[in-house]
Amino acid sequence: MTIENSNEKHEIRVQPIENGTVIDHITAGQALNVLKIIGKPGTSEGIMSVLINAPSSHGKKDVIKIEGREINAQEFDKIALIAPNATINIIRNFKVASKKQVQIPEHIEGVVKCVNPNCITNSNEPIKSNFTVNNENRYVFLRCDYCERIISENIADNLL
Amino acid sequence: MRFKDFDTISMKDFSRDMIDHILDTADKLEPIAKNEEKSDILNGKILAVLFFEPSTRTRMSFETAIKRLNGDVLSLGAVDASSITKGENLADTIRVIEGYADGIILRHPKEGSAKMAAEMTSTPVINAGDGAGHHPTQTFLDLYTMRRESRLEGVKIAIAGDLKYGRTVHSLCYALSHYNADITLVSPKELRMPREIIRDLKNRGIEVKQTDSMEDAIQDVDVLYVTRIQKERFPDPAEYQRVSTSLQITTELLKNANPDLKIMHPLPRVNEIDSGVDFTSHACYFKQSFYGVPVRMALLSLIMGCIE
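Chains as they are written, first to last, in the numbering used here: chain A, 1247 to 1406; chain B, 122 to 429.
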């Protein structure tokens, strides 16, 4: 990976990965929130590299590389909620085996905690949180199926 | 139209045809609600009334509705005398009660509790208020009151008070969207209706007007719907005093109002409506409270499958 800086050309020490996942086009500033989803202790022993505010054709973006682990469908859904333009590249033997843009799910269960402390899902009842996902031109907001409270700006803070 | 075993959780579950059918049925049952006629419609049916929060009107009007139709009421009684104090959760309580009753009327402090309860049982659940969430039978009686005392189709209505947290007002607006209502919202800036609700209403073809002047709002409306402003929403008592006074309805204010204006309030009121207004032809809130009986009779009879 290279970056132009005045007349010099610096090589950044982010090497290509042999096997793993590259999450590209993460909304600038959201990489650390994406790490909360994929970087939980024990999920991978490989190296993770994070680029924040990297230049892109549309301004700035964040990028994450994870060595030795392919992310799963549930992580995919969670990432879509906070970085709706992200692309997920699965790397096998140094080659891109698949490349997909995240799909914003229509409905999520047990992924996000309702922000309403008085919601029935935040009690000792045997139910999971459920949200209907609204996507207006990639502006994502969630509506709780039980109490109808809306979460829009702090989704990452409420991921389970 | 099939009502038998239908769960009554939110007004959004009801189409215009369904609402009209409930109101038409309430019309037919009103003489029974007034005890002018006798009825056995709910004979042999047991309705569990589970109230986990205090209530006067809702609980008593449900129980009156059941008794006027000769049904039986199974009451949870005081929460502190039940298994709830032993730590039993609502899901378990519902699954126990379904073995005893033909229908469950539930009021619970948690939002979404009625929806969860309905998921736990095949016995029909009627939401009698879930925290600050839905209260559909209140909306049915509000619509019925408008139809009986003013007009419902194309009604010009001003809705005043706490429009931010007052979710029964949101349910009422959704229901009025079926009836081409002309809605004006009257509230101070800090208690305005959330923009998501206004956007939802717009998507249903209803444009609402907003103002903070009660005097302007009541010039040309059929109905003024007043709700209680809760003191606890205001950290500063002086601010509460200022806001509640600015929206207070007095006989003086009503001098220039439409002579046919009807004033509604879900009650209890605190100081939103001056007691002098009670003796004017505008006051409609005590009749509104009574209409809870025929409306709840209608709903219960349809859901129990005792009438079609």
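Heads up, a few of these hints could be off.
Within a straight-line C-alpha distance of at most 35 Å, the following computed DSBU-like cross-link-like pairs (lysine-lysine) qualify [what the hints assert, rightly or not]: (1) Lys1374/A to Lys207/B; (2) Lys408/B to Lys1359/A; (3) Lys125/B to Lys159/B; (4) Lys277/B to Lys166/B; (5) Lys376/B to Lys1359/A; (6) Lys330/B to Lys408/B; (7) Lys376/B to Lys155/B; (8) Lys1359/A to Lys155/B; (9) Lys1374/A to Lys133/B.
Calculated from the structure, these hints are not laboratory results.
Structure-based check of each hint:
no.: 1; hint: Lys1374/A to Lys207/B; result: holds (23 Å)
no.: 2; hint: Lys408/B to Lys1359/A; result: violated (43 Å)
no.: 3; hint: Lys125/B to Lys159/B; result: holds (23 Å)
no.: 4; hint: Lys277/B to Lys166/B; result: violated (40 Å)
no.: 5; hint: Lys376/B to Lys1359/A; result: violated (51 Å)
no.: 6; hint: Lys330/B to Lys408/B; result: holds (28 Å)
no.: 7; hint: Lys376/B to Lys155/B; result: holds (33 Å)
no.: 8; hint: Lys1359/A to Lys155/B; result: violated (48 Å)
no.: 9; hint: Lys1374/A to Lys133/B; result: holds (22 Å)
Checked against the numbered hints above, the structure violates hints 2, 4, 5 and 8; every other hint is satisfied.
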